[in-house]
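K.L.:
Listed here are the chains, written in short residue letters.
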Amino acid sequence: NAGVMQNPRHLVRRRGQEARLRCSPMKGHSHVYWYRQLPEEGLKFMVYLQKENIIDESGMPKERFSAEFPKEGPSILRIQQVVRGDSAAYFCASSRRTVEGANVLTFGAGSRLTVL
Amino acid sequence: AQTVTQSQPEMSVQEAETVTLSCTYDTSESDYYLFWYKQPPSRQMILVIRQEAYKQQNATENRFSVNFQKAAKSFSLKISDSQLGDAAMYFCAYRRPSGGGADGLTFGKGTHLIIQP
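In order, the protein sequences belong to chains A and B. In terms of the working numbering, the first sequence opens at residue 75 and continues consecutively. In terms of the working numbering, the second sequence opens at residue 1027 and continues consecutively.
Rather than coming from a laboratory, the hints here were simulated on the basis of the structure. All the given hints hold, so there is nothing to weed out.
Straight-line alpha carbon distances no greater than 16 Å define the calculated EDC-like cross-link-like pairs of lysine to aspartate or glutamate that follow: (1) K118/A - D130/A; (2) K1135/B - E115/A; (3) K145/A - E126/A; (4) K1104/B - E1036/B; (5) K125/A - E142/A; (6) K1135/B - E114/A.
Part of the chain B face toward chain A, derived, beta carbon under 7 Å: (7) L1073; (8) G1130; (9) G1134; (10) K1135.
As the structure is a prediction and not an experimental result, all values here were calculated from the model. Using N, Cα and C, we set each Cβ at its ideal position, and we do this for glycine too.
If we strip away everything but chain A, and leave its shape as in the complex, we get:
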């Protein structure tokens, strides 16, 4: 049973380009979360999605960032017109149907974005 799969593991982009990060949740998990980790920092919540729905995007910057979790295929975190400040590790986590917040999140290995 594969865990949470993220790709690419490493992505290099020049300023102004677009970055797309993909996340396939664990089998049987229908909830996906994206987090960002800046150097020397903890993970910061960005967005929480279920299939075809964004449930909570309170942690996502209002501009340039978007996320989706289509009916088929992986969840995608998209960053348009990247800037150097977007350089970070982006982690995806998944869980089963949430029951009073008790469900444990399983994390992927992260995607490291470097903006030149």
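Could you slot chain B onto chain A? The hints should help.
P.N.:
Just chain B now, with coordinates in the frame of chain A:
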């Protein structure tokens, strides 16, 4: 808003000794969940232990145990018989009960644990 504070940026312990990592949090909720995650150099986030706030009994997982003090809003992690493989960043995290869609974890900044052979 909830906040999680880990006041120890780095801790060092001799192999086979015991070490305690501190975590405090701020919340107005009465029901919530607390977690410790480990992030080794591979950067994979691994769940170490979980505590439900409504449970008075401290959670334990083999060599890992917590000291949960709800009134003090403190949630420390004790690692007994430290092993070289325990070397990692340790993150304390808070999660409120689901509802209103806000299910994200709030993380502290982490404690870098060094194991001295």
